[in-house]
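Place chain B on chain A using the hints.
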Amino acid sequence: MPYISNTDAERLEMLKLIGVKDFDELIQAVPPQLRIKGDLKLDDPKSELEITRKIQEKTCRNVCSQSANSFLGAGVYDHFIPAAVDTIVSRPEFFTAYTPYQAEVSQGTLQYIYEFQTMICELTGMEIANASMYDGASAVAEAILMAVRKNRLKKAILPATMHPDFVKVIRTYTEGTGIELVFAPEKDGLIDLGALEAMMDETIGSVVMQSPNFYGNLEDGFEMDRIVHAGGKALLIACVDPIGLAILNAPAEYNADIVVGEGQALGNNINMGGPLFGFFASKLDMARQMPGRIVGGTLDKEGKRAYALTLQAREQHIRRDKSTSNICSNQALCTLAATVYMSLMGRQGMVEVASQSAKKAHWLASEICKLDGFTMAHPNAPYFREFVVNTPIPAATIIERCQVRGIYPGTDMARFGKPNQLMIAVTEKKDRELLSDLITALKEVSHA
Amino acid sequence: MPKNIFELSSPGRKGFTLPTCEIDTPLEQFIPAKYHRKSIAKLPELSELDVMRHFIALSHLNHFIEKGLYPLGSCTMKYNPKLHEALVRHSCFGNIHPYQPESTLQGALELLYELQSDLAEISGMANVTLQPVAGAQGEFTGLKIIEAYHKAKGNTHKKKIIMPDSAHGTNPASCTLAGFDVVELKSNSEGRVDLEALRAVIDDNVAGFMLTNPNTLGLFETQIVEISELIHSVDGLIYMDGANLNALLGIVQPGKIGFDILHFNLHKTFTTPHGGGGPGCGPVGVVDKLLPYLPVPMIAKNDGGYFFDYRNEATSIGKVHSFYGNFAIMVRAYIYIKMLGAKGLRRVSENAIINANYLMKKLEPYYNIQHKEYCMHEFVADGTKQKKLNGVSTLDIAKRLLDKGYHAPTVYFPLIIPEAMMIEPTETESKQSLDAFAEAMIAIADECEKDPEMLHEAPLTTPVRRVDDVRAVKVLDPRFEIKD
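Residue numbers (my numbering), protein chains in the order written: chain A, 1 to 448; chain B, 1001 to 1484.
Don't read these hints as lab results, they were simulated from the structure.
C-beta atoms are modelled at their ideal positions from N, C-alpha and C, and glycine is treated no differently.
Please note that a few of the clues may not be correct.
What the hints assert, rightly or not - No more than 30 Å apart at the CA atoms, straight line, and that leaves these computed lysine-lysine pairs for BS3-like:
| # | chain 1 | residue 1 | chain 2 | residue 2 |
| --- | --- | --- | --- | --- |
| 1 | A | K37 | B | K1256 |
| 2 | B | K1450 | B | K1387 |
| 3 | A | K322 | B | K1151 |
| 4 | B | K1474 | A | K301 |
| 5 | B | K1301 | B | K1256 |
| 6 | B | K1153 | A | K155 |
| 7 | B | K1343 | A | K37 |
| 8 | A | K301 | B | K1404 |
| 9 | B | K1151 | A | K168 |
| 10 | B | K1388 | A | K46 |
| 11 | B | K1474 | B | K1014 |
| 12 | A | K418 | B | K1301 |
| 13 | B | K1151 | A | K155 |
| 14 | B | K1082 | A | K46 |
| 15 | B | K1404 | B | K1450 |
| 16 | B | K1159 | A | K155 |
| 17 | B | K1003 | A | K283 |
| 18 | B | K1153 | A | K154 |
| 19 | B | K1361 | A | K21 |
What the hints assert, rightly or not - Label pairs and their in silico Cβ distance ranges:
| # | chain 1 | residue 1 | chain 2 | residue 2 | range |
| --- | --- | --- | --- | --- | --- |
| 20 | B | I1416 | A | E197 | 49 to 57 Å |
| 21 | A | D24 | B | H1456 | 43 to 51 Å |
| 22 | A | K443 | B | S1091 | 23 to 31 Å |
| 23 | B | A1057 | A | I393 | 53 to 61 Å |
| 24 | B | L1049 | A | G303 | 28 to 36 Å |
| 25 | A | G406 | B | A1057 | 23 to 31 Å |
| 26 | A | S436 | B | G1012 | 33 to 41 Å |
| 27 | B | I1416 | A | K41 | 32 to 40 Å |
| 28 | A | I393 | B | N1155 | 43 to 51 Å |
| 29 | A | K322 | B | N1155 | 25 to 33 Å |
| 30 | B | L1049 | A | D24 | 56 to 64 Å |
Bound-form chain A, shown alone (with noise of 0.2 Å):
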């Protein structure tokens, strides 16, 4: 059988050293009666080779973004990645360890982690950061829990401009808890500020505001900071993009009290839409409300340096039914190939991809622009590297006549009501003959 070791002479000799005579007599605890009758109905074992094969034709029905010329974000984006990031990633010193509870044996985990949280420090200008969440999804949920345990108040504001499947989990995670959530409506592609102000009072725990917001639209930060911080104790969650941040305002800049958001575009695969990982961020007078692991410097018996998971008092294993969060497993590895990547890039590398980005997203905008019947559906809103276009004929039929030339114009807006409109996003992979191809097929094929 494949990966066990023993042959059936020596599990033999196992058994008779336990003392049974074969199998049955050591599971005796397992009623007969609830045993299962011959074998599961699944498919006949198969060898390395095959299941390569059975793989690969799976593969091959699928149309990857190497493949295709893909404008697909909403959530994820397909940045470029170096080589170097996947052989760390993909050493087994890190792949098959555990989580790092054992600090004595798990020291290359927890100082990548440690360096991970501090490069989100940077990134945003906050104070502490954990070692990640699930997605950006649930780490706004969690954010929103957090303020509750800060300040008590059971009401939050969503903008409307938010992510729609990030508002679905954040409903998932908060129904049943007593939390009320309102939206903030939207006014030509960014939250309404008047009427955020209007619905302010002191009922209000936190206010999200997401910028980039769904459509890839810039919101205005300062402004939130005026609005949301003007009376009570309401606190400011920024769900952010941590490419953009490399040009655009830390949220230190307008005073977030917590930051997070989805992390996959440092150095990781989009994978379908997953693993991704959250990112989580706060001010420091909130450590002890945080969801997840933190790892702290420390120093061994010797006096050396040495790192270990701290304010372990706030998590499940430790507080059980108390505890700030449920989640145990995160999403380490991936967090592992965000600090790499970081690393490999720099301060000078992050920046030029982020405004490699914005650069070229804005110049495809303002071309698209000038072909038939395609609009800014925001003409007014600033934008980082997504953008979303009105269109002369329904997205869906620009989308399929594009797919047969190899080529995803975008995220078919229809999916969220808004049929004539296509959702563009644009990384520093694009060159100019990629966005070129994109322009050439839209005039073509949006015709009536």
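Chain B in isolation, oriented as in the chain A frame:
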């Protein structure tokens, strides 16, 4: 310890190359200055070789499966086949986008559909959602399903979830997150659910019962049929924490013996790598009557092929992940199930059980074992003898094991066993490696008698000596202060 990555940084150094950008327009003309950050993020600046040396140096400080045995109870640290890593890295898995047209994702969707079906068969459940990304998120998903089931019947008063005191910490934590009240049940003298105690807390407010089976003592819950009748008599649902499913493959289908909901840990039973703490994957299976509440989308099939199925959106608990969960982890588990087949999976559980009993037998003369019956895939020994006679704690013993090239067992859990050492060798370990581990444990038992002082000092040979985790809390240092 190696310097940290920021201390290695050298101004202007580069570890990347990017194509030149053909657009000369300054960024300020595209994005107003107000939105630009005021100062650059002080990320490190290194060459590719610098970065490689740094992370390789860090990697040398870790214990990992290929280095040595990981006897962590309830964690199922079995060998992770390298084939999975090779195949999952195919570009047509790694570089597909969740919003691509379904016609361009047919291979991926077919794989997920087959995995849903195979996991349903393995667990005896009607269907399985793959969306939850970790065991704890699987628990949360299951509890939301319990909530939705009762809500649909108008039974919003059902807020009580019962669980034994041997439950994993995530169980009560997930209950709180899902808005339930936890009722903890004292285990009986056998280490199993105490039926009398259970009867005493059963009433109409019971929403459900959470049970790990085999439980965290490695014992099969023999009274599951009685438990099931009791809970179902008040229309409660029974949730199985599948953390210990490695004992039941091809032996018991939980969905056929009274459990209504179960989560899998693909990163345990189905050998997807632990990754130093994640990512995992926590699919949830349910019986027929709970199908309407599963998260959306499911993966379904019609004449046109495979598709994301949102038909149950109105009754579903909603979504728990931005997209469809940890796809790349699912691919690995799929490969594992297809390679082993029914007989291979059964063999996994048989050998896991044999290995655990073999090791228990070898350690029994040296360490106290409170529940001496045959165990399933794991058992709990304890250090009470050493504590009492030699003043050596289980923590000392655990740390000494690190010196001998092993990871420690899960210690001080389950909470109901003092000085607990929960040991799960898994089926991938050979008899020889179990013998060697037993020798190390026996040698430590001997050291406890002869040199208890040395054990308080352990570990002696690891990259760092015993780490001061109290200081890590008192002098909180969660990030490096970068000087520029």
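| field | Earlier hints that do not hold, by number | value | 10, 11 and 25
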